[in-house]
Structure formats: C-alpha cells, structure tokens
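**Student:** These protein sequence lines map, in sequence, to chains A and B.
Take the first sequence: its letters are residues 0 to 106, numbered as in numbering that gives the first Met the number 0.
Take the second sequence: its letters are residues 0 to 267, numbered as in numbering that gives the first Met the number 0.
Source of the hints: derived by calculation from the structure; they are not laboratory data.
We put the beta carbon where it would ideally sit given N, CA and C, even for glycine.
Mixed in with the good hints, there may be bad ones.
[Said to hold, decoys possible] DEER-style ranges, computed between Cβ atoms:
#1 A/SER88 / B/ASN160: 52 to 62 Å
#2 A/LYS89 / B/THR94: 19 to 29 Å
#3 B/ILE55 / A/GLU26: 27 to 37 Å
#4 A/HIS86 / B/VAL165: 32 to 42 Å
#5 A/GLN96 / B/THR194: 29 to 39 Å
#6 B/LYS15 / A/PHE92: 24 to 34 Å
#7 B/ASP4 / A/THR56: 49 to 59 Å
#8 B/GLU164 / A/SER27: 35 to 45 Å
#9 B/ASP29 / A/LYS89: 18 to 28 Å
#10 A/ILE87 / B/ASP247: 27 to 37 Å
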Amino acid sequence: MTEFYVQSGFNPFYPAEIETWKWNKDESPPNWVIDYCRVKNIDLDSRVILDYKRTSTGGVELVRAGTDIYSTLLIQNPNTDFICFDHISKKLFVLKQQELELLYKKK
Amino acid sequence: MIDKDSISLLRSRRTKSLSIIVMDVSYPLDEKIQKGFDKITRISDVFLLFNDNCWIGSESIDKMKFACLHDCLGWISVKDITSESLLKVLNYTTTISEASNFLFYSIIKCSGLSKLTDEMLSTLKSYHISNVINKPILNLVRLAPRELHRFYQLPTKPKSNKLVEVINRLKDKITNKSNKKSNIAIFDYTNAHCTHKTDSWFVVMKVHTINTILEFFKKDENKEYSKTFKEPDPLIFLSSVLVKLNIDIINSDISKVKINGNSFSIEK
C-alpha cells in the first residue's frame, strides 16, 4: 500500500512531496516502482515480481531498469525502510524510518 | 508550508563542526554578541534554536532571513526550547545526510557570545584538531536544594471561582457533556532524574558522546525521561544526561582549558 507524504520543514535536498511504499515481496509493487526497477516475472495472478537480490545483512537490492550500467536500489532493512518516489523529478530513492519521520509528515 | 516545530535546512555541511546556538537574546543583537556570532560562523556550521515568542514585534527580523543572512546551516523555532527540541536537532544533524557527519558539536547560549575571546576560539580549534581531549568540556554544578525542589515539585491545581464552576457544570448538563477531568496531567516521577546543571554557556563535545546520548533515547523505556525536563534551558538537560550516563567529562569552562599539541592543562 502506498502513502503520500509532504515535507514538514524545509530541506532543499529532498522533494517537497513523495509517495512511499514499503518493500513486500508478496505484494504487487506500485506502477512507479515497476517503471523504474527491472521486472523478473508476472505470475498467473498478474502479480509483478521484481528482480531482486538479498544482501548478506538482510537487505534487499532492486535492480534499476533502463540503465546500461548495473545499478541497484539498496533497501538496508526491508521491514522499516521506505521506497520513495518523487513524481516531479521522477526520482526513486530509499529513506529510513527515522529519516522519513524527521523530514516528512503524512499528507 | 513549513510546519511549526519543524527543521529548516538552508544548505549542506561545510565544516566538520556544528555549533547549535540557543537564541536567548532579543533582536537587534548586541554588538559584542554579533562579533562573537560572526567568529563562530567562520570556524563552524551554525544551527539556530529559536523560541516562537522571541523576536516578535515591529523591530524584529524574519527568523529565516536572519539565518540566511548569517549563512547558517539551518534553524528551528519551537514553542519552548526544551530537551525535546535539542534532541530533535541532534537527531536531524546525525541522521539526514546533507546535514550530518559532523565530528564536533558545540552547544552555545547566544547571550554568552559576548564573552567569546580569541583564546577560546584557538582552544576550540585545537580541540577539533587534537586527539588529546575526547571528553565533553563543561562546568557541572550540583543542583541546590531549592532547584531540586522546583524540579520535582508536584503541579498545583489552579484556583477556580466556585460560581464559575457551578455555571460550567450547569452548561455541561444542558449540552449533555460528560464531566471532564482536570487538564493537569499527572506527572510521572519514575523517569524524572535531574541532579546537575551547568554554568557554562559554551559546551563542546565530540560526536561519539552525542551518539551515546541518542542511543540512550532510542530505547522506549528512556523516551519518557527527556520529557520530564520542563526547564527552558537545554543545557540543564544535557548536563543531567551526561551524569546519568556516567560519561567522563572535563569539569571546567572551555576558557580555562589550554591545549598545547599533545598535552592540555586546566587553569584554576
């Protein structure tokens, strides 16, 4: 499930408004994740399965789509980290829970 | 729109040291304070901690404008400058990437900046360069019995007029409102702990001390502790936390500490 957040204060290095999604391999990702990450498969229930790798520290690495160089999006802790997307600059990035709480509030 | 009690960051980090300045003075700043302020901004990044009620009036200047003009890293304006606001700034400046990775922290009262001397600045620079002192420098003072009494004092119920009380009760009956309890929250003293304060206006410490303090407050059982400090001076909170966590300190003012290469001395 995705949620919208807006900046509570002012930080020019982060987008003013973002949409977030918490990684869950059993859940079909939102369209903006599918657009920017490599898809591995679409199962019979039309659920999209992303191309991902588990790291030795328990994290998840999503492979970015459409790049010549192998580039990944690292989610250090899938239980607490949020995948964020800025619809204006089309930027996909990860924020820890504490960072999200300090920078943003729910819209 | 910027929320109240939220942090505004104006630029990214430039130096390895951060000075958090508690703005406890009125505007326009005294000339001596202004000079001290300028000296500090030259050697470290500055974060301003404002009170909502200060600088209101025709002579005042917008807080954002003031922070921009003085090339500060960021600022926050809070209802009351308490332990919570200081913790919020410390959390922000250790977590958010563009405003983090500081190695040295100074917490300064703006009113004291008039006493900033060149010797103190050179000591501060040596503290940043040298590894001789890794402990925080502040002058701890044990709280006097009267101050202890004030800290642990039970909140008193405000006196109310009996006639007003009866009218309010009648009003509630007419509007079918249930009897509301008193607004005074029962103060929980199990977490309260305050034994020391500091008479220093300039407290310096390294990042590992800040990390120890923040780690302590990440635990759920310790979160309530910071809320027990109602004093408007965040340095009281800081000194009490250092004592509670058994962190070794140099019990002196920075003006009395002299660092020469690989050794340091404390004036008496």
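**Student:** What are the numbers of the hints that this structure violates, sorted from low to high?
**Tutor:** 3, 4, 7, 8, 9 and 10
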